[in-house]
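Undergrad: Chain B: place on chain A using the hints.
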Amino acid sequence: MQLVIASGKGGVGKSTVTASLLYLLKDEYRFVAVDADADAPNLDLLLGVERWEEERELVGAKVARINTESCIRCGICQERCPYDCIKVIDGDYVVSELTCEGCNVCGLVCPVPGTISLDEVRSGVVRKTTTRYGFPLISAQLDVGRPNSGKLVTEEKEWAKKLMGELGLKHMIVDSAAGIGCQVIASIGGADLTILVAEPTPASLSDVQRAYKVVQHFRQPAYLIINKADFNPGFTKLREWAEAGGIPILGEIPYDRAIPRSMSMLKPFVEAFPDSKAADAMREIAERVKEEILK
Amino acid sequence: MQIAVSGGKGGTGKSTVAINLAIALRERYDLVLADLDVEAPNDHLLLGVELANEEPVELFMPRFDYQKCTRCRKCAEVCEEHAIITMRDGTPFLMPNLCSGCAACEIVCPVPGAILPGKKLMGHTYLTETPYGFPLVTGRLLEGEERAMPIVSRAKKRAQGLEKELLMVDTAAGTSNTVSKALEDSRLIIAVTEPTPLGIHDGELILKLAKLMDIPAMVVVNRSDLGDVAKVREIAGRYGAEVIAEIPYSENIIRSYVEGRPIVLTDYPEAELFREIASRVVEFLGGGE
Numbered sequence: 001m002q003l004v005i006a007s008g009k010g011g012v013g014k015s016t017v018t019a020s021l022l023y024l025l026k027d028e029y030r031f032v033a034v035d036a037d038a039d040a041p042n043l044d045l046l047l048g049v050e051r052w053e054e055e056r057e058l059v060g061a062k063v064a065r066i067n068t069e070s071c072i073r074c075g076i077c078q079e080r081c082p083y084d085c086i087k088v089i090d091g092d093y094v095v096s097e098l099t100c101e102g103c104n105v106c107g108l109v110c111p112v113p114g115t116i117s118l119d120e121v122r123s124g125v126v127r128k129t130t131t132r133y134g135f136p137l138i139s140a141q142l143d144v145g146r147p148n149s150g151k152l153v154t155e156e157k158e159w160a161k162k163l164m165g166e167l168g169l170k171h172m173i174v175d176s177a178a179g180i181g182c183q184v185i186a187s188i189g190g191a192d193l194t195i196l197v198a199e200p201t202p203a204s205l206s207d208v209q210r211a212y213k214v215v216q217h218f219r220q221p222a223y224l225i226i227n228k229a230d231f232n233p234g235f236t237k238l239r240e241w242a243e244a245g246g247i248p249i250l251g252e253i254p255y256d257r258a259i260p261r262s263m264s265m266l267k268p269f270v271e272a273f274p275d276s277k278a279a280d281a282m283r284e285i286a287e288r289v290k291e292e293i294l295k
Numbered sequence: 001m002q003i004a005v006s007g008g009k010g011g012t013g014k015s016t017v018a019i020n021l022a023i024a025l026r027e028r029y030d031l032v033l034a035d036l037d038v039e040a041p042n043d044h045l046l047l048g049v050e051l052a053n054e055e056p057v058e059l060f061m062p063r064f065d066y067q068k069c070t071r072c073r074k075c076a077e078v079c080e081e082h083a084i085i086t087m088r089d090g091t092p093f094l095m096p097n098l099c100s101g102c103a104a105c106e107i108v109c110p111v112p113g114a115i116l117p118g119k120k121l122m123g124h125t126y127l128t129e130t131p132y133g134f135p136l137v138t139g140r141l142l143e144g145e146e147r148a149m150p151i152v153s154r155a156k157k158r159a160q161g162l163e164k165e166l167l168m169v170d171t172a173a174g175t176s177n178t179v180s181k182a183l184e185d186s187r188l189i190i191a192v193t194e195p196t197p198l199g200i201h202d203g204e205l206i207l208k209l210a211k212l213m214d215i216p217a218m219v220v221v222n223r224s225d226l227g228d229v230a231k232v233r234e235i236a237g238r239y240g241a242e243v244i245a246e247i248p249y250s251e252n253i254i255r256s257y258v259e260g261r262p263i264v265l266t267d268y269p270e271a272e273l274f275r276e277i278a279s280r281v282v283e284f285l286g287g288g289e
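Residue numbers (full-length UniProt numbering), protein chains in the order written: chain A, 1 to 295; chain B, 1 to 289.
Read the hints as simulated data drawn from the structure, not as lab findings. Just so you know, not all the hints are guaranteed correct.
Calculated lysine-lysine pairs in the DSS-like style (CA-CA distance at most 25 Å, straight line) [claimed, not checked]:
no., chain 1, residue 1, chain 2, residue 2
1, A, Lys170, A, Lys295
2, B, Lys208, A, Lys87
3, A, Lys62, B, Lys68
4, B, Lys211, A, Lys62
5, A, Lys213, B, Lys120
Same shape as in the complex, but just chain A:
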């Protein structure tokens, strides 16, 4: 089974909840964890990973380059670039490597053959380790300024699938990126179900509703975990939205200082502070995940 944890909004506790869930499932279930937030991966930090066993460079991103020697400075490339990535610097036309999407339109419209080339560049690394808890983790890190490619996530999931075959693992648990863009779509596409994490604020509600639309697009079931549940008592719209939409609520985690403290210790909060209120709530959630989802 492939299970995804998503949230829409960043910073609502998706990775924190994922790390604790993985910790609570590790003894009974055989799974591979995937950190699909290639832009800002941090599941490895929360799981105390110190070294990677294997790293693969991912060369796939493309950027256009203009040869200033043969360039006749006609400006057609700049005019036609769909994303305004070509600037004139000291009289030369230059492609901004940090914003280019690699579509090659500039190369196609350039009247001087060979002046604009499309070069392959590194987009990031995909890497694997075995956590101190025994389960493997696949993670990735996009290089700064690269197209935020879902391809990196697809690459991670393929590696994870291979590991499942080799090690006889039953489940893949994917911690998705924030937002609803290509990385999230690559995470949710092909999965069996999504667990959404949200907090009771208008911003989180708005973002989780958008993430839910992506889940619906793939016709998958969704569940909800409410984090920092007591942090805004007057705000009931999150719960009402879930109930009206038939999205089962797996549980509510209260705001608890134990969580930020556990983050500084680089440990899942259920491990660092097993007696905290948040840990109690998380254990109940894990039980429901076992009974209703993993069965």
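TA: Positioned in the frame of chain A, the structure of chain B alone reads:
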């Protein structure tokens, strides 16, 4: 001129800093705030306004006229996204989700009119008046669409078109090329981070990007009592950036957020912190006199 609020990690308080800073700066500059976190735009919610003046962002999408198409496959060969597949006889088909709308296929097609300019809706931009005396431009990607870049690019253009004295952009989390697009042309980046190991890790990446783009950065540490600010200072120093404010974890900030009243306009002591950030920015930009 333009400045940007960014921060690497999601949920560090970028939008909170952006809206409060905009409110504090409106007395010194005629400004516009642009929310370029198009996957999860929230500035309007924090400002308590409903998005208005919607404009669609549409991308070119090829439509094939199979009467005219000569099955030469050039369109499929040129497509960097592999969005066009061809049948055995060369008949092209589009997989709309993969199409980036770049129109490369149309450029190489040798038969005029064989590729017609279809359109695909990717999202919207909005221009909303706020009760705080400055307009807000918002980009919003449609759910199910993958490509944030066209929305970021169009929303930024819409904000630039207002020709205000100051354009303040609020970026998405991370350091992908859509963040670089938002940061481009900024005179200053305010990097909002947290002193947790996660915040520090992601905060370092945004400072790295600022350095690559040759844009000066200042660091605001949010929830500063939840970790090791000295560590943030050390890393900021390595990138030539100064920590200009430390905002402790604050019930008042949450309360003001819940009440829809920006903290900088309240009597809470935290309001002063945002005014100080604003005066540091004014000092740096040398404006407002």
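Undergrad: Take the hints in turn and mark each one as holding or not.
TA: Hints, verified against the model:
Using a Cα cut-off of 25 Å, the hinted pair A/Lys170 and A/Lys295 holds, with the two alpha carbons roughly 12 Å apart. The suggested pairing of B/Lys208 with A/Lys87 holds, with an alpha-carbon distance near 22 Å, which does not exceed 25 Å. Restraint check for A/Lys62 and B/Lys68: the C-alpha separation of about 32 Å exceeds 25 Å, so the hint is violated. Between B/Lys211 and A/Lys62, the direct Cα distance comes to roughly 22 Å. Compliance with the 25 Å bound is thereby established for this hinted pair.
Between A/Lys213 and B/Lys120 the CA atoms are separated by roughly 18 Å; this keeps the pair inside 25 Å, and the hint holds.
Checked against the numbered hints listed earlier, the structure breaks hint 3 alone; every other hint is satisfied.
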